[in-house]
Each structure stands twice: as C-alpha cells, then as structure tokens.
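Novice: Here's the letter readout for the chains.
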Amino acid sequence: AQSVTQPDARVTVSEGASLQLRCKYSYSGTPYLFWYVQYPRQGLQLLLKYYSGDPVVQGVNGFEAEFSKSNSSFHLRKASVHWSDSAVYFCALSLTRNMGYKLTFGTGTSLLVDP
Amino acid sequence: DTTVKQNPRYKLARVGKPVNLICSQTMNHDTMYWYQKKPNQAPKLLLFYYDKILNREADTFEKFQSSRPNNSFCSLYIGSAGLEYSAMYLCASSGTGSNTGQLYFGEGSKLTVL
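Protein sequences appear in the order of chains C and R.
Residue numbers for the first sequence follow the numbering used here, beginning at 1226 and rising by one.
Residue numbers for the second sequence follow the numbering used here, beginning at 84 and rising by one.
One should not assume that every hint holds.
[Stated by the list, open to error] Straight-line C-alpha distance at most 25 Å; calculated DMTMM-like pairs for lysine to aspartate or glutamate: (1) Lys1249/C to Asp113/R; (2) Lys1327/C to Glu140/R; (3) Lys127/R to Glu145/R; (4) Lys121/R to Glu1291/C; (5) Lys1327/C to Asp113/R; (6) Lys1249/C to Glu145/R; (7) Lys121/R to Asp1233/C; (8) Lys1249/C to Asp142/R.
[Unchecked claim] Here are a few chain R residues that face chain C, going by a calculated C-beta distance under 10 Å: (9) Gln89; (10) Gln124; (11) Glu190; (12) Gly191; (13) Leu197.
Keep in mind that the hints were calculated from the coordinates and are not lab data.
All C-beta atoms in this analysis are idealised placements derived from N, C-alpha and C, irrespective of residue type, glycine included.
Could you build the full structure based on these sequences and the hints that come with them?
Specialist: Quick look at the structure:
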C-alpha cells in the first residue's frame, strides 16, 4: 500500500528565511503528488500538484516543490517566508485522477514563522 | 463561490447515540469525500461519492454510512457513536472535468463523543 511520510512535525523559521518542508512517499510507480495548506480556522487548500514532466512545480504564494523519483520525495520550498505562511502543510498522493482522487495524506508539518 | 459548507461545526454526542453530519457544495462537483482527522494523525479517507456511486474504504466499511440525495449534498452517518469516533470530520469535493487534482475542503465538523 502507498504511504506518505512527513518527518518534521513542527518547523520554526524566521521571517525572510528560506524554507524546506520534507515529504517522502512510498509507491513503486509514480503517483500524483500534492501539497495542501491549512491556515487557522480554514479548510485545507491546494498549494501545488505534480502529475508528470518538469520535476519542479510552481504553486501559489511563491511556493514550489521538486519531485525526485530516485529519492521518492516531493519536498516543498520557499525562498523567503512571511509570517502569514504560518500554517499546517500536508503532503498527499493519489494513484487515480479519474472518478475521484483518493488522497493519502501525511501527518502534516506545522510551520511557525517568527516575525 | 468555491465554498464547501459543513454542519454542524461542533457536535457533542453520547456513546451509543447516532450522529449525522452534513456537507454541501454549490460548485456542481461530481465527487464528494469524507475524511476523518485525529490530532497528530493524517487525514484518513472514509468514503467518497463519484456521482451517485458510493465508494467506502475497506477498513471503515461497517462503521460509517453516507447518502447523497442530490449533487450538492452529502451526509455522513454514524449509527452508534463510540469514543473512538471523536475526531474532526472533513468534507471535500472535486470536479473530475477540470482534472486539476484540487479538492475543496470545508472547515470541518468536530465531533466529541462522551
């Protein structure tokens, strides 16, 4: 069965610093990969997705992620974080993109940006 | 409007009593999902409707029921709540036609079973 691992439960960075949130997946093929973010008192929102092609995908608010098949990873990056980026970030994968997306999520990484 | 609405936002239930959670969306999405989220755990897919077809995960097959009377509404029903059902329940929807992989999530319904 497929799985997603986010090894860092909590990450604290200073405003303006660069950020990397780690995500590793377990699946023999190439899944569809996603990053979702949950801001306080809001529902999860899609940040970015990877289906195929260029391994670096751009998302909203300056976020990007890089897919690595050799490392089974899909790490999220941002060059310079803002205090408003404080949120919980979830990595997820799906094996299907027809008749619904059965997302398998990681446990999430809680990001705190010190102003 | 890209909103998924869930009711109630907070639900207190007694052990052994039924619980019904409601979700609605106005985006004409063909797929609606229910996830269970417990603290420090990953959101776990319970079931989803693709159009009128209900798909339930094998390990939660007996524990949760659902109905989708029309395209906009979907419910999650627990016949007899146990302490282990205390969790946040997340509803989401997606449109296969757009093929973006984007699920739209509601804010969740927090269920506490006592």
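Novice: Next pair to validate is lysine 1249/C with aspartate 113/R; report whether the Cα-Cα distance is within 25 Å.
Specialist: Not OK: lysine 1249/C and aspartate 113/R at ~30 Å, beyond 25 Å, violated.
Novice: Hint validation: glycine 191/R versus chain C, beta carbon distance must be below 10 Å. Holds or violated?
Specialist: At about 7 Å, which falls below the 10 Å cut-off, the nearest Cβ of chain C leaves the hint on glycine 191/R intact, so it holds.
Novice: Assess, step by step, whether the Cα of lysine 1249/C is no farther than 25 Å from the Cα of aspartate 142/R, and give holds or violated.
Specialist: Holds, at roughly 24 Å.
Novice: Straight-line Cα separation of lysine 121/R and aspartate 1233/C no greater than 25 Å?
Specialist: Given that 25 Å is the threshold and the Cα spacing comes to 17 Å, the pair holds.
Novice: Hinted pair, alpha-carbon criterion (25 Å max): lysine 127/R, glutamate 145/R. Please report holds or violated.
Specialist: Between lysine 127/R and glutamate 145/R the Cα gap is close to 15 Å, so the pair holds against 25 Å.
Novice: Check the hint pairing lysine 1327/C with glutamate 140/R against an upper bound of 25 Å on the C-alpha distance.
Specialist: Holds - the C-alpha atoms of glutamate 140/R and lysine 1327/C are around 10 Å apart, at most 25 Å.
Novice: Holds or violated: lysine 121/R with glutamate 1291/C, Cα cutoff 25 Å?
Specialist: 28 Å, violated
Novice: CA of lysine 1249/C to CA of glutamate 145/R, is that 25 Å or under?
Specialist: Roughly 31 Å separates the two Cα atoms, so the pair is violated.
Novice: Holds or violated: glutamine 124/R as interface residue toward chain C, Cβ cutoff 10 Å?
Specialist: Constraint on glutamine 124/R satisfied, holds at 6 Å.
Novice: Grab the minimum C-beta distance from glutamine 89/R to chain C and call the hint holds if it beats 10 Å, violated otherwise.
Specialist: 9 Å, holds
Novice: Hey, does the leucine 197/R contact hint survive, CB to chain C under 10 Å?
Specialist: Because about 24 Å separates leucine 197/R from the closest Cβ in chain C, which is outside the 10 Å limit, the hint is violated.
Novice: Are the Cα positions of lysine 1327/C and aspartate 113/R separated by 25 Å at most?
Specialist: 14 Å, holds
Hint compliance for this structure: hints 1, 4, 6, 13 are not met, and every other hint is.
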